[in-house]
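All chains should be modelled from the sequences, with the hints used to inform the complete structure.
Residue numbers (the numbering used here), protein chains in the order written: chain A, -17 to 69; chain B, 236 to 487.
If you are wondering where the hints come from, they were derived from the structure by calculation, not from laboratory data.
We treat Cβ as the ideally placed atom computed from N, Cα and C, and that holds for glycine.
Hints are all accurate, no fakes.
Label pairs and their calculated CB-CB ranges:
#  : chain 1 : residue 1 : chain 2 : residue 2 : range
1  : A       : C15       : B       : E335      : 37 to 43 Å
2  : B       : D473      : A       : D(-1)     : 26 to 32 Å
3  : A       : G52       : B       : V330      : 35 to 41 Å
4  : A       : T56       : B       : R244      : 21 to 27 Å
5  : B       : E446      : A       : Q61       : 26 to 32 Å
6  : B       : E326      : A       : T56       : 36 to 42 Å
7  : A       : I63       : B       : D467      : 28 to 34 Å
8  : A       : Q61       : B       : L255      : 44 to 50 Å
9  : A       : T49       : B       : R244      : 15 to 21 Å
10 : A       : A64       : B       : R418      : 42 to 48 Å
11 : B       : E437      : A       : N17       : 26 to 32 Å
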Amino acid sequence: MTETHVDGNALGGLFIDMFGREMTDQLGCCGECGNVSAFGAVRVFRGPGLVLRCPFCGKVAMVIVGTADGLRVTLGSLQWIAIDHWA
Amino acid sequence: MARTALRGRLSWLVAEVVELIDETPRVRSVVFDVPGWTGHLPGQHVDIRLTAEDGYQAQRSYSIAAPEDGDRVVITVERVDEGEVSPFLVEDLMVGDRIELRGPIGGYFVWEPGSGQPVQLLAGGSGIAPLMAMIRAAAASPGPESIRLLSSARTEDDLIYRKELDSLAERDSRLDITYTLTRGHGPGWKGQVGRVDRVMLERFAWPPEVEPSCYVCGPTGFVETVASILVDLGHPPDRVRTERFGPSGGHP
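What follows is the structure, encoded as structure tokens:
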């Protein structure tokens, strides 16, 4: 179903809450297929939580769920993140 | 300047509606005055948060439709019939109302005048909003960038910013616009007809040889189709930037 997802750009504000900085132009690598993509380009499926999928192979890279205590982030195929100009 | 705002938590700001512009029967632009706004780049967006009296909150993301201009932030909203937020923004919001907003957000789907590279913009419906910020920024800059816009809408009445775009293109030879209508057209229609396809892109979009930066924004189906044709035509995937906003014209 290509009609049900948006992309990571839409989560830019949430990423700033999580990482404390703009993340949509930062890179992550999918451990399943080895491709690198910008956070802004991941596929985002909305249900009870947010399911982030690799735009290349579709593997679940990360799941973000809001709980009473805050956010629960479950990592899937996301193998590494590269963040520039970190100081 | 926008870059200084990229580190740290984003705070919610109070935005006051100062102007409402009916763009089409289903689409309205809302101009906010946002004290404390730190500026933004074309292509960035804001989060908007509405709170009901019982405390229920709904949050959506909207592209900013105009370049940086002090504390002024413009969004363009298409009414999604079953939506929680867009019917309120398009129909109920009045000048003087205050809502919560935060931003700017986004570093991926952004463009600034100055690179010199040609630019190919592809809009499906209200996906034209962030692209309009780029066009308005380019028109106000002396840069050499030549911009081609291919804008797809259902009917002629659904073409957003049409008057402004036509008058910009008439005055500015750097801007070239092609419209296409997907659900019918009147007898006098001089633009294209039908969904954006390979033939239309070969005919009206910059070819890969001129190495344009491509920005595609619209409903998910539109973006998937157009981006994959661009890559098939030979545009490198990293020069095809996309922004999908879901099935029916509203940001999530």
